[in-house]
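Build the full structure now, drawing on both the sequences and the hints.
Below are the chains, spelled out letter by letter.
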Amino acid sequence: AQTVTQSQPEMSVQEAETVTLSCTYDTSESNYYLFWYKQPPSRQMILVIRQEAYKQQNATENRFSVNFQKAAKSFSLKISDSQLGDTAMYFCAFRGSSNTGKLIFGQGTTLQVKP
Amino acid sequence: KAGVTQTPRYLIKTRGQQVTLSCSPISGHRSVSWYQQTPGQGLQFLFEYFSETQRNKGNFPGRFSGRQFSNSRSEMNVSTLELGDSALYLCASSSGQIQETQYFGPGTRLLVL
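Those sequence lines, one after another, are chains U and Z. Heads up: the first sequence at position 50 corresponds to 50 in the numbering used here, and the numbers run straight through without jumps. Heads up: the second sequence at position 7 corresponds to 7 in the numbering used here, and the numbers run straight through without jumps.
It cannot be assumed that every hint is accurate.
[What the hints assert, rightly or not] Computed from the model, here is a short list of chain Z residues facing chain U with C-beta under 7 Å:
1. 28
2. 31
3. 33
4. 42
5. 43
6. 45
7. 48
8. 55
9. 56
10. 98
11. 101
12. 104
13. 106
[As the list claims (entries may be wrong)] The following label-pair restraints were derived from C-beta to C-beta distances:
14. 107(U) / 12(Z): 21 to 31 Å
15. 98(U) / 77(Z): 20 to 30 Å
16. 28(Z) / 56(U): 28 to 38 Å
Worth flagging that the hints you see were computed from the coordinates, not collected in a lab. Here a beta-carbon is modelled for each residue, glycine too, at the ideal position from N, C-alpha and C.
Have a look at this one:
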């Protein structure tokens, strides 16, 4: 069975600093997709960044970047220059190439950005 | 382009009742997936509809059902509500291609008393 694990239930970071959120997953598939979603207090789930497993280059979106280690099945999210608006719960999610429409989520990491 | 919309946003029901939740996807999207979010179980996949057909299903009892209409709008129904069904129900839409990203609605918060 495919699983996603986020081992950090809570984290905090000072404004303007850098923070890294960890995620590991387990799958026997060779082609799959990985995502980081952000859920602020409004509960709206917002896509932060995505990575295709067949791409060796790590994805980057402005202040957000990932460190994708396929052999280690690791997919961490780095937030640079943290802002107060980054305060939210962050979910790592996996979708296998054979599993349309189904995201498997980790337990989430609550990130607080302090002024 | 308008985002995913869900109605109602909040709902209070009593045990034994049934409830219907609605999701309108982003224009042009043909796939709608439903998720249940609870503090204890986290985010769990319920099912996915694509072109009016259920294409994938999670591990939920038969009390949870859904359907999709020709305009891609989807409804989810829960019959014989239990206290444990209290949750945030999220729907997400995509084009339906395996590589495409799912975009989420704001959710419906259901409280069962």
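Verification of the supplied hints:
| no. | hint | result |
| --- | --- | --- |
| 1 | 28 | violated, 16 Å |
| 2 | 31 | holds, 5 Å |
| 3 | 33 | holds, 4 Å |
| 4 | 42 | holds, 5 Å |
| 5 | 43 | holds, 4 Å |
| 6 | 45 | holds, 5 Å |
| 7 | 48 | holds, 3 Å |
| 8 | 55 | holds, 6 Å |
| 9 | 56 | holds, 5 Å |
| 10 | 98 | holds, 6 Å |
| 11 | 101 | holds, 6 Å |
| 12 | 104 | holds, 4 Å |
| 13 | 106 | holds, 5 Å |
| 14 | 107(U) / 12(Z): 21 to 31 Å | holds, 27 Å |
| 15 | 98(U) / 77(Z): 20 to 30 Å | holds, 27 Å |
| 16 | 28(Z) / 56(U): 28 to 38 Å | holds, 31 Å |
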